[in-house]
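Q: Sequence:
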Amino acid sequence: MSFNNLLTWMSARGTGSWSQFRSAVEELVRETEEGTVEHEGMDDVTTGDLPVYQMARLNLQRLGHVEFFTGAEGADWRVVPPALAIHKDRDQWIGILCGARAPDLSARLRCNGIRCETIPASGMPDCIRVVASDRGALEDACKAAGVLFQMDAPAALLAVLPPVDDPRSRVPEEAPPAPGWTVERFSTRRLGWTAQRPSGSGELSYDDLLACQTGLFRFRLKHQRVYYLRWKGKTYRVNAQVGKYAALRRRRGHPLLEYDRSRCVLRVPLICRPPLLLERALILHSGLLPRLHHATGHLEYSVPEKLAVMAAKLLRQEIR
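Position one of the sequence shown corresponds to residue 9 (the working numbering), numbered consecutively onward.
Incorrect hints may appear among the rest.
Claimed, not checked - Each pair of labels, with its calculated beta carbon distance range:
{"no.": "1", "residue 1": "Gly208", "residue 2": "Lys96", "range": "50 to 60 Å"}
{"no.": "2", "residue 1": "Asp99", "residue 2": "Arg233", "range": "41 to 51 Å"}
{"no.": "3", "residue 1": "Ala248", "residue 2": "Arg299", "range": "51 to 61 Å"}
{"no.": "4", "residue 1": "Gly144", "residue 2": "Gln232", "range": "45 to 55 Å"}
{"no.": "5", "residue 1": "Gln28", "residue 2": "Arg118", "range": "29 to 39 Å"}
{"no.": "6", "residue 1": "Gly22", "residue 2": "Arg118", "range": "44 to 54 Å"}
{"no.": "7", "residue 1": "Arg271", "residue 2": "Asn120", "range": "30 to 40 Å"}
{"no.": "8", "residue 1": "Ala203", "residue 2": "Val139", "range": "47 to 57 Å"}
{"no.": "9", "residue 1": "Arg118", "residue 2": "Ala203", "range": "31 to 41 Å"}
{"no.": "10", "residue 1": "Ala163", "residue 2": "Ser207", "range": "16 to 26 Å"}
{"no.": "11", "residue 1": "Glu125", "residue 2": "Glu75", "range": "20 to 30 Å"}
No wet-lab data here; the hints were simulated from the structure. Ideal Cβ placement from N, Cα and C applies to all residues, glycine included.
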């Protein structure tokens, strides 16, 4: 089973359980190891040290194909309806195909003046781009094929997201004081996690969290990882990436983000991958996952400067 087959299988089912998804990914891995399919990027390094099924889950979410959630018995994931995320590039309109894929979907989108490009890429299903010189023709093709569409999709998504320090980005919740949890703090200077007190006087504990005015903490117990943001002396539960940028807003020194105008590339440190929906907006411009620059340890997103500036404002960062 390839990533393309995985998305086709999920599209046919519509929804399913986590165990069904995990079994399908494990089958993909077995077939890859046995050499029955070409290697498709199961060593995707842009997702860190995640297990392969978690990497597959994250990448499908980043690309806007599938949503994963909890709280609905027997339905832990749902494939989104097929849709084109459209933006204008010079004199052309480009749509990135997201969501459910039927085997004949690309053929249904093709008509006069419409071109479909299939781009194989590592760690993901093929990227399908639909290109047209006329916006109306692209809209008509979507309607005829039964495909939803969103104009100026990357910017539209960024426009509705709250910044990382917005109260909507965190939930009041106390950290567990019970023993057994390993406590770590995110270092905004070294961009990494540490379990040691800054003074070197021992390991961090629950009391260190309470004594902190502003900072991000990670509580680990076996396979559980829970992230707590101390903000003005109060404790909140947060998404890890949101919490990192909330803590980093006070960081001094060189700007965290870099933009290469000659290549139209936004660079972000690997450990500071943007929060999911913000990253999805960046990815929807090209339809491809970010490239890891091994020499610098940065993720590279192909986006115009306008999107990079919008993203930086939401992350409360300056761009170098």
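Q: Each hint needs a verdict: does it hold in this structure or not?
A: The hints, checked one at a time:
Taking the beta carbon of each, Gly208 and Lys96 are about 55 Å apart, inside 50 to 60 Å as hinted. Between Asp99 and Arg233, the C-beta spacing of about 47 Å keeps the proposed range 41 to 51 Å intact. Take Ala248 and Arg299: their Cβ atoms lie about 22 Å apart, and the range 51 to 61 Å is violated. Between Gly144 and Gln232 the beta carbon distance is about 51 Å. The supplied range of 45 to 55 Å therefore holds.
Under the hint 29 to 39 Å, the C-beta atoms of Gln28 and Arg118, about 33 Å apart, fit the expected range. Against the hinted window of 44 to 54 Å, the Cβ-Cβ separation of Gly22 and Arg118 comes to about 25 Å, which falls outside the hint. Checked against the given bound of 30 to 40 Å, the beta carbons of Arg271 and Asn120, roughly 34 Å apart, stay inside it. Between Ala203 and Val139 the beta carbons are some 50 Å apart, a value that agrees with the proposed interval 47 to 57 Å.
A hinted range of 31 to 41 Å is violated for the C-beta pair Arg118 and Ala203, which are about 56 Å apart. Here the CB-CB span from Ala163 to Ser207 is close to 46 Å, at odds with the stated 16 to 26 Å. Against the hinted window of 20 to 30 Å, the Cβ-Cβ separation of Glu125 and Glu75 comes to about 26 Å, which satisfies the hint.
The structure shown violates the earlier hints numbered 3, 6, 9 and 10.
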